[in-house]
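Participant: Given two chains presented individually in distinct reference frames, assemble the corresponding complex, making use of the accompanying hints.
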Amino acid sequence: MNELYQLLTGPMLWLTFFVFTFGTLYKLLSILVLTIQKEPFIMSVFSFKYGMRSILSWMTPFKPVSMKKHPVLSSVIYVFHICLFIAPLFLMAHITLLDESWGLVWPSLSDSLIDYLTLIVLACCLFYFIRRLTQKEVNYLTSQSDYILLAIVALPFFTGLMAYHQWFAYGFFLNLHILSGEIMLMAIPFTRLSHMIISPLTRAYMGSEFGEIRHAKDW
Amino acid sequence: MSEQVNKIVDKGLDQGVINLTQERIEKAINQVLNKEAGARLKSYVETCVHCGMCSEACHVYLSKDKDPIYSPAGKVKRTLSEMIQKKGKVSPEFIREASIIASTECNLCKRCAMYCPFGIDVAYLLLLVRRICHLCGVTPLYIQDTAHSHSVTMNQMWVKDDEWIDTLQWQEEEAQAEIPNLRIPLEKEGADIMYSVIGPEPKFQAHLIYYMSVIMKAAGIDWTMPATPGWDNSDMAMYTGDNEIMGRVKRMHFDTAARLKVNRIIMGECGHAFRSVHDMGNRWLGYKLPPIPVIHAIEFYHELLSSGKIKIKDQYDKKVTLHDPCNVIRGRGLGELSRKVVNTLCSNFVEMTPNREHNYCCNAGGGVINTGPPFKNKRVLSNRIKAEQMAATGADVVISPCHNCHSGLEDIVHHYKLNMEVKFIGEIIYNHMEKPTA
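Line by line, the protein sequences are chains S and R.
For the first sequence, the numbering used here assigns the number 1 to the initial residue and increments by one for each residue that follows.
For the second sequence, the numbering used here assigns the number 1 to the initial residue and increments by one for each residue that follows.
Bound conformation, chain R alone (with noise of 0.2 Å):
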């Protein structure tokens, strides 16, 4: 294995390795392992009875001939489990490896957490590695840039401010073609909503905001985005470890929202920005839960559809099937409600197996598929469970209500040449409801 990752070029971690000292690293994991961490830590690390029982819940595990290094519980050995006994005197190298396998080989995405007897978290004690790596300075060059980019610019794509306001009114334009009087309404101050999405969405998946806009006018939604940063729910700090930048991004987006007196925010289909709200960044800044309602776009469509508010006109027939994501599924427990929104949508619905909490990841989450081309193979290969999870339906779309999810999927059909479409919820329901003409 290490031959194979030793491989791999990032100047991130490359250069990270050549700066870093030995007092550097022993001074980063004494800060984290003995000042940061506390009980979770010390309880997960003297309970752990080395069973083995993890080793089922992860996919890269199975999608690796059931290599145990990359058991859950192997993963800790390789890199905290080290740590811990040489009391921080590890080589710089070794950091180099354990950012690899915190940063491309764990998707955080907490299935294990059930696999365990003791409920012990990996994901958890994963992410203390990641911490450690960033405050050596190793970390993956392209998820690195992303946590760049929201510290300069609060949103995870270099996303300049007048960027932001030009691609909306770009999209507006764009959707007054087909509906004369829709508006993206901007800094509306009361508004009942705002709509956050992920950077990605302006950068690259531009339509995305269309379709919801579609959606929005048609369910009459009095909503409003910000013209100001702070739009942006992402956070890729989060991910890196850098717990500082992850709660200043927190900090904005919901001082945001506070500034526009809305009454809650409904936010687009990705996973990790609801993790950010409603796990991680919420509590980084000392809230057990968002300090305003942030709803997922699952729980949102839900709500349009079964008041009425949005009708559709015909229903998808394509066989569909439906991917579970980590940071909603068993991270706020929508599976039941996504079931039935793509019941509502579309005729032909298959479930993969397992499903709900029980799926299999899709390893791009966790920030695997931010750390970019270098890691991009290696991620493929290390989810050969998910493409036959997916197969065995014999779907011809699958649909995942999460970025993260969708681009590692389509990543996945690709590669293993599944013949099939990768869709969000939001854009079936644009193409069969009923639209307003004007």
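For reference, chain S alone in the conformation it holds in the complex (with noise of 0.2 Å):
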């Protein structure tokens, strides 16, 4: 178990953070290849203000019409994604093992506010599964890659609380959230959770169309 332990906070991690770091510099610099190639367009299209403009208007809550008619997945999209980010990186045990690798620190949250967010990010996690399932149109869209990159994110929580409660094995879990961890940070470049490197860039080049272009809202 210990050994196992050495492996994947050792050589994989570092391993994760060479593929994630380099699997996105290589996401955003083949884009930007292809649109300087084949569609240079873009770049004379490309705004600053109106692509701002575009993506604060997305982040407010209820600002766009496609949220007001999605009450109930935006509300949990917002939750989501916010506790998604804040319970790794608020959590003092994360902070303890990078201050003692790199002696890098920052404030950390309440372990008992990150045990609630994590709970949220899993609750989050289940009504996308059940929305896949259950909904319509959704259900018509997705694919098996849907459903593993909806564990694919989920495993690193659920483990995670495992491991925090000491629950069943608590070794077992321990090695499992690393690992899925790592999964998660090295999937994100190659599969469609590139949504996170590449969304604001397809929503500043549709609010640039939009404010330079065609002079009317995208949202």
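I should point out that these hints are in silico values taken from the structure, not numbers from a laboratory.
A virtual CB, placed ideally from N, CA and C, is assigned to each residue, including glycine.
Treat the hints with caution; some may be incorrect.
Straight-line alpha carbon distances no greater than 35 Å define the calculated DSBU-like cross-link-like pairs of lysine-lysine that follow [as the list claims (entries may be wrong)]:
| no. | chain 1 | residue 1 | chain 2 | residue 2 |
| --- | --- | --- | --- | --- |
| 1 | R | 417 | S | 136 |
| 2 | S | 136 | R | 7 |
| 3 | R | 27 | R | 11 |
| 4 | S | 68 | R | 376 |
Incomplete in silico selection of chain S near chain R, CB under 8 Å [to be verified]:
| no. | residue |
| --- | --- |
| 5 | 2 |
| 6 | 49 |
| 7 | 142 |
| 8 | 194 |
Facilitator: Right, dumping it as structure tokens:
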């Protein structure tokens, strides 16, 4: 068990950082190169002002008509994404690890609060899962990979919860927690989780088209 | 669905499929997806998380009892996704079906781009499908015929060069019965404005040119129309995926205005023609915006009315509502101007809901009405939501400043027995303005 832990927090972690960082850079660069090679007009349309206008409008809760049409889903998406980032980044245990390794420290949130945030993330994942199964228009679009992605996202939180409370086999869940977290990070640039990287660009592009060329709103 | 669609006989599709080989399909798909398309295709395909939020945007989906195959992403799944997954190894029958989906179940209205949190442009993706089908030679017959017409005559309706001039002179004579010294100036070099129309106007709506000539006369505009090909601002090749012809047609239009040394082009009440000069054709030619300012009729009318060049003698008093055509409202933000114009002209205006950028599509635009009689029933049945939206206003008249919308809405009014008239803005201006006597 200990050897596995050493492997996961040593070489595997470095590999994860490497794949995540360079995967993300590769993703961004390939989009940029494709734009310059094949669709240079996008550069002439791109506008910082209107790109930001669109992004900010879509970040404002319930400003877009689309969000108003899906009040429950939109609320879940909001809460999910906030908790998804806050829970791992402000967990005392994570910060301690970073402190020990690189001397990086920032304030943490209380463990019980993070516990709730983790439960919220899992509840949201369950919501997504049920929605995929039951909503006709979502189910039609859903393929196996969508369920796998959902599992990739849910697993680090589920195992984190198990490990933190030391329920059942602590060592097992701890190692699985680290592994699943690493898998999630490495999957980001190469799966639809890459919306984390690309969606600001597509949103900003559509915002630019609407603002700069079409003189209309896109929310 | 397939059963119903398969019953539709369309020679362009049916013969196209007979001629189609596997190699040609793969070559076409490879050409479009790997050589022509780029960052947008990659981003959209790899980013969509299949959340289904685009569904609510689509009038076809809403009208078809929310059948998921008609959602924007659903249409991509049935066409492009399959082509990508199978690396182009799809059957001729699949291409036929894809052509039907892309050409008759999506109007490229881009409403869904406003409902996707990522701003994914499904209209663009379905245009790629149309492009693939075009390269495969599987395009619905009627719209393919208009593209052929563009390529031969540079206009959409096979109008011959002499028929064009003859039609203008005929309308000039007609108008002279009302205003004896009215002219429709042809080939006037250095005029301020070149007025351009779409092919169907001289073909079967010539009175619209008459109305505009009276408006121009009353406003004292220094204008001209070309006597040569290049007069037609429409572009159906843009909607068949025949980008090469689209570019030729647009170049001819811009070149004609340049030859006449005009300051700007004013175009009639047409939506897709505006898209072709402001969004697609101009970009194909390398212009971010049209090389010569192109002003849509809505903006021009607003200019004439707000500057007092046209005065309204009595407001139109029937209860009117206003349809927002995608290409000039979502495509050019003319929603406020069109309302100012309508409020100037009409005393009893009610909004339809939703409106402006969020208005429901007419289901005729994007070349869908141009696929002709084989698809007419399907087109009308898959826009029930528009009929409900219009009926809810209780208006007697729906104003539609776009040709395609106009014809599509007339079909809807007729089928759903809405008892409404469909009117252009120009018609109302003509009937309610102060006219010069000589």
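Participant: Just to be careful, I want the Cα atoms of residue 417 (chain R) and residue 136 (chain S) compared with a cutoff of 35 Å; is the pair within it?
Facilitator: holds, 32 Å
Participant: Quick one, is the residue 142 (chain S) hint okay against chain R at 8 Å, beta carbons?
Facilitator: Holds - the Cβ of residue 142 (chain S) comes within 8 Å of chain R, reaching about 6 Å at its closest.
Participant: May I ask you to test the interface hint for residue 2 (chain S) with respect to chain R, counting a Cβ-Cβ separation under 8 Å as satisfied?
Facilitator: With a closest approach of 38 Å, the residue 2 (chain S) hint is violated.
Participant: Has the given pair, residue 68 (chain S) with residue 376 (chain R), been kept, meaning a C-alpha gap of at most 35 Å?
Facilitator: Status holds; Cα separation ~33 Å.
Participant: Run the distance test for residue 27 (chain R) versus residue 11 (chain R): straight-line Cα separation, threshold 35 Å.
Facilitator: Given that 35 Å is the threshold and the Cα spacing comes to 23 Å, the pair holds.
Participant: Given residue 49 (chain S) was flagged as interface, is its beta-carbon under 8 Å from a beta-carbon of chain R?
Facilitator: violated, 15 Å
Participant: Against chain R, run the beta carbon of residue 194 (chain S) and see if the smallest gap drops under 8 Å.
Facilitator: Residue 194 (chain S) check passes; min Cβ-Cβ to chain R is 6 Å, inside 8 Å.
Participant: Does residue 7 (chain R) sit within 35 Å of residue 136 (chain S), going by the straight-line distance between their CA atoms?
Facilitator: Measuring from Cα to Cα gives roughly 26 Å; hence the hint holds.
Against the hints set out earlier in the document, violations occur for numbers 5 and 6.
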